[in-house]
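Going line by line, the protein sequences match chains P and X.
As numbered in the numbering used here, residues 1 to 266 make up the first sequence, in order.
As numbered in the numbering used here, residues 1 to 1052 make up the second sequence, in order.
It should be emphasised that the hints constitute simulated quantities derived from the structure, not laboratory data.
Remember, it's a predicted structure, so these values are computed and weren't measured experimentally.
You may find that some hints are simply not true.
DSSO-like mimics (lysine-lysine), calculated; alpha carbons at most 27 angstroms apart, straight line [as the list claims (entries may be wrong)]:
1) LYS484(X) <-> LYS718(X)
2) LYS224(P) <-> LYS132(P)
3) LYS65(X) <-> LYS188(P)
4) LYS393(X) <-> LYS575(X)
5) LYS192(P) <-> LYS65(X)
6) LYS506(X) <-> LYS718(X)
7) LYS506(X) <-> LYS713(X)
8) LYS39(X) <-> LYS207(P)
9) LYS715(X) <-> LYS508(X)
Covered by chain P, according to a simulated footprint, are these stretches of chain X (three or more residues, beta-carbon under 8 angstroms) [unchecked claim]:
10) 6 to 14
11) 42 to 52
12) 168 to 180
13) 713 to 724
14) 1009 to 1019
Glycine is no exception: its CB is placed at the ideal position from the N, C-alpha and C atoms.
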Amino acid sequence: MVATVLLSEIRYEGAHRNAVWRGRVVDDAENFAKFMQGPVRDRVDDSESNDEFAAEVRGLGTTGMATEFVERLLRAAPNREGYEVGEALAECVVSQDDKREISWPWNTVRDRRTPRASLPGADLVGFCRQDKVVLLLFGEIKSSSDSDIPPNVMYGSGGMTWQLEENATRLDVQHTLLKWLRSRCTSKQHVKLYRAAVQRYVASQGKEILLVGILLRDTRPAEKDVKNRAKALAKKLASPTQIEIVAWYLPVPIGKWASLLHGSAP
Amino acid sequence: MTAGSWITNALGSERLETASTDASRRRLYSALGIPDGAKIPDDDLRFVSNALELLVFDLLEDQTKVDELREAASQAFQISRTIPWPQDPLETGAWLVRLACLAIIGDRTSDIKRVLSERDLPALPTQEKDWGRRVWASILDVWLRLFRKNGWEDLDAVHARVTSLRKDQRSYEPSFLRRAEGLRDPAPAWQLISQYHLAKAAEVLALYLSQGSAEGHYDVRQQLEAQFDRAIASAASGRLMEMEIIARLLARTSDALIENSIWTVTRAVNSRVTRFVESLTSRQRAHPIFEMLPPQRRTLREEGLLGSGHRSVVVSLPTSSGKTFIAEFRILQALNQFDQEKGWVAYLVPTRALVNQLTVRLRQDFRQIGIIVEKVSPALEVDGLEAGVLLDKDMHRQFRVLVTTPEKLDLMLRSGWEEKIGRPLTLVVVDEAHGLASGQRGLKLELLLATINRECRYAQFLLLTPFIHNAAEIARWLAPDSNKNIELSLDWSPNDRAVVIAQPHKAKKRGAFFVSLKTQCTSKSTLSVPEVLKFEQQRPLGLSWSNVSGGQGRLAAATAELLKRRGTVIVLADKPQNTWGIASIFKTENNRRPSSPDIELIQRFMTEEMGPQFPLNELLEYGVGVHHSGLSDDTRALVEWLTEQGLVRVLIATTTIAQGVNFPVAGVVLASHQYPYGQDMPPEDFWNIAGRAGRVDQGDLGVVALAATSSEKAKQLKAFVARNIGALNSTLIEMVKTAAVQGRLLHLETLSWQAEWSSFLQYLAHTYRQIGDHERFAAEVEQVLRGTLGFQELRKSHKGWADGLVRGVYNYAERIKGKPLKLVDRTGFSWETVNATLGRLAQERISSKVWTDELFGHKRGDLQRMMGILLSVPELRQRLKEVTGGPQPDGNTLARMICDWVAGRPLTEMAAEYFRRKDEGKEDSVAAMTRCCKGLFGRLTQTASWGLAALQSLTLGEEFDALPESEQRTLRNIPAKVYYGVTSDEAVALRLLGVPRGAAEQLAKRLRVHSGEPLSELRTRVRESDADTWTAAVGDAGAAYKRVWTIIEGES
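Between the sequences and the hints, there should be enough to build the whole structure, so can you do that?
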């Protein structure tokens, strides 16, 4: 049996201006494992093996360019699954909300293929519909076993709040992201959501969006993990931008999530 | 339409409007050299253009919303183009690629070509050691070249660049990827894969655009699709979002490039079209043509003109849409259709200047594929040499396209020339067909088309007009069951334009002033901004406030001076005499330009032609030209050429230039919006000349300025600009209305003295003669009348008058029954005129014996009497009277003038003798010369040669046809001598080939031109003759004459 819902308890929550924060604790390790093996694994989609690039390399032959060097690099490149698990888990927990409907216009995180690291863009890109209002959702995910509170992934250049602020203020990056997102919306339903959300985005000069920060932790819950960061963001990014930072305190160490996904005992 | 689309709703009309206006403002200010064009921040513009780009991406792959995509892309482009470029070359390259994609998808191909050609492409690091940057730089470079397509050079460079990537890959790629291997980052590999596909796509596309096929495929869309799919997939695999977006955009842009490609538009039409396209794209061509302008693509392919079997087509497109090019393809199709019959095409244009321009153009374009293009002069009778051209049976010399005026073709066809030529007329192309609505000439054209439609079995029609409201109706008129009307839903132009009213304002310093411009909102989507634009420069051309506040011409000059830094400007004046005054204002030290060999040769020629004192010579030293009816034909043609070449920077012309010139300039300034007799220029003429403002190859913006010295005048001009183009109505309607009111409809013969009615009565007489049977004609009257556009309209709008006209025609038929109506067709006179003239000839005892060369010598008395007779011919008398200017008929003066003209007397002497007024001194030689040229070129040569040819027909009658061919030729050349101003048949031949009058006689002797020599062979001999031969013939000015000839005939 797999679990479709990750059972959690709100340990703390608060709000300041346009920002809310929350701490959710998951105690049930078995439920967590089943959740990982259910919806999360579905989103990771490990059906492709390492030679997924074989077809692309064959296609490259038609350009008259040599293929051996790029092929060598692609063979040597790492399995991406590590960070994909975190992304898939974040997408799953964000969607798990009765009050609103969250949509990702792809089936698996690999279909999404969002850029990371030095490339522009957010970790999470989707739509949030609540009371007939559809907003673009840009999010950042951080996983941390750091014992410091807040963990260092929350601050500094490259930290969550910095990234969320970037997501909200870099109109050029948003523009690229939106063009890219449009090509991912292939169903009528997603196109409808896209247009509704982009309309609000455009009408508000790029301000009316939902920013979501997901902090995945395997430590003890502490409001300071997120509270000050959320408040600081609210000072910088005024309404109608909505800010939401949620910390998830999970019962299995981060290093074991990948094996958990494939059915190993927690 | 993006208006009302989800994204524009989100932006809000106000924000969109503000951004669009600011984009217009930035371009206007920059074009006019006025600082501080931006009133809103770049970021705001960027946000709006980005939002519009989101709409482009929303529509990018939706095949059902092509028009919406086009408009969104065009709008995004129009705003984006005004945002400053990035600094870094690679970023600039990517920015320009994006901009170009928007432009091409948005049908703004001419604009982006200009953007990419005006500045050098960014210095992309295509030779850098870093392979990643090197490949990306190369990709940007090849795509920018594909978009620019600056001749073969750009397309060859695409191939060379991609080849060099292949060659260098092994040297640079391994070390580049090694770094990524160290980081275990696969993205660079995906990036290269994606980019290599884009390189390959560019290579395939370059091949296709240049030769119509790539790697054995004539449709490369699938090949390209495969490359783009892989480029997109690789970018996605590597999580390269920007790469993926650019690949998607390039994929759609490539589709548009293929759609615009001349090869796609013309594929599989017929072999002649294919050969034509091969010649257009040939490496030998100075400016190869690889793509069609959007209106051309839409007309030929999307509207199906190339595959069309419609007998009557009206193509109604804005000025500068490349209508001639469209016509060329239709001509090839018609020639192919009737190849067996060796069918020919008549290309009709309204003026002598356009006959020459079009002949040169068509000859240049068709030379490579062996289609012979000939022109026949607007002189009404076919002269001996023209007859030789028309009747030539030699396959290699036989003409297939004939360029002429409607009046000439009318008389040719009525004199049975289609039969004499022995080959069918298969297509009539009518350029500037909106002329159908213009008075007597319009009626003549209408009746000509009706006649052709009735009598020429294979004739098809292609009418080219700027936008008119009832194009469909016109198309239906000529072929109710097989017609098509092609027009653009959007007003396309090769570049944007602004229509402005220029006013002077007093400045603080004494005598100082500045010029302001107020943009006008027009029906033609011209650029406008709410504020008044002010030029900083005070007192342009050194003029003072008192100079400009009361002088339209001086204000126009000041405005032109401010505009001319952007390129050539035409200043329009109402009368020839006013042009000189305006032109002289530009003679400032600042405007003096270094001379050039061409200018010097042309000045030398003008000294010969117009006299050493003629002011145009000096004006050329300041880059200033003058163009009006008071110049010789050759001088006008040279001024046009100098303007086209940019050697004349300011051209002062009369408003009549609107009807006859088709070269583009950067700006037009109207000192007057009226024609010489005080009537407002009709809206279609205004938009026709306004359409010349802005060039395909240079200058971002065309500016049309109307000078207003006062607020009252500004108000008038505002109303003038706001008038709309109406429907094209036949002149016949107004004629019938007036005749009905006067109660003359049942007595049409009493109207024959009016030029319009004379044409109409001739049409009746001709049709009567063709039908050849009184009863049948009577039975078919209504049918004959229905052949005209006007009658069809009249029946709908005024049934009573239409019935009245039918009865009037019955009555008229009774009058002309049994009369020798052939003479009507031969003379171009109404039967009433023919009859009266025959009487006068008998009275004056003028017989067929008068037709010798002595007519211009010691038998001038005969000529004088004949001119006296012609002065009473209603069809001619007005124009002949205008030559001498006096109220009394003066056959003697006319005869003397003709004799001097034929004898080769210089214009300067003729001007002094015949055109200087008593109260004028020698210093007024310009005024006399203006009147002389107007009288000779605009009136006498054409009218007198027509009149003499008509008198030949009346005196020789059937005798003529019985004469041997050589005698016929000699006789036909007598009126031609009057037309061309030379004495010998050999010189007539050279004049027909465009040799200036001053050189024709002597050169004919030098080249030993012999009577009967085919014109095409003679043309080759003239072309091959060197300047020494010309110098030996005509003296020092030989080289100048030779050069002038090459310019006028487009042989350079």
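Evaluated hints:
no. : hint                    : in the structure
1   : LYS484(X) <-> LYS718(X) : 36 angstroms, violated
2   : LYS224(P) <-> LYS132(P) : 33 angstroms, violated
3   : LYS65(X) <-> LYS188(P)  : 16 angstroms, holds
4   : LYS393(X) <-> LYS575(X) : 47 angstroms, violated
5   : LYS192(P) <-> LYS65(X)  : 17 angstroms, holds
6   : LYS506(X) <-> LYS718(X) : 22 angstroms, holds
7   : LYS506(X) <-> LYS713(X) : 17 angstroms, holds
8   : LYS39(X) <-> LYS207(P)  : 23 angstroms, holds
9   : LYS715(X) <-> LYS508(X) : 26 angstroms, holds
10  : 6 to 14                 : holds (count 6)
11  : 42 to 52                : holds (count 5)
12  : 168 to 180              : holds (count 6)
13  : 713 to 724              : violated (count 0)
14  : 1009 to 1019            : violated (count 0)
Hint check: violations occur at hints 1, 2, 4, 13 and 14; the rest are consistent with the structure.
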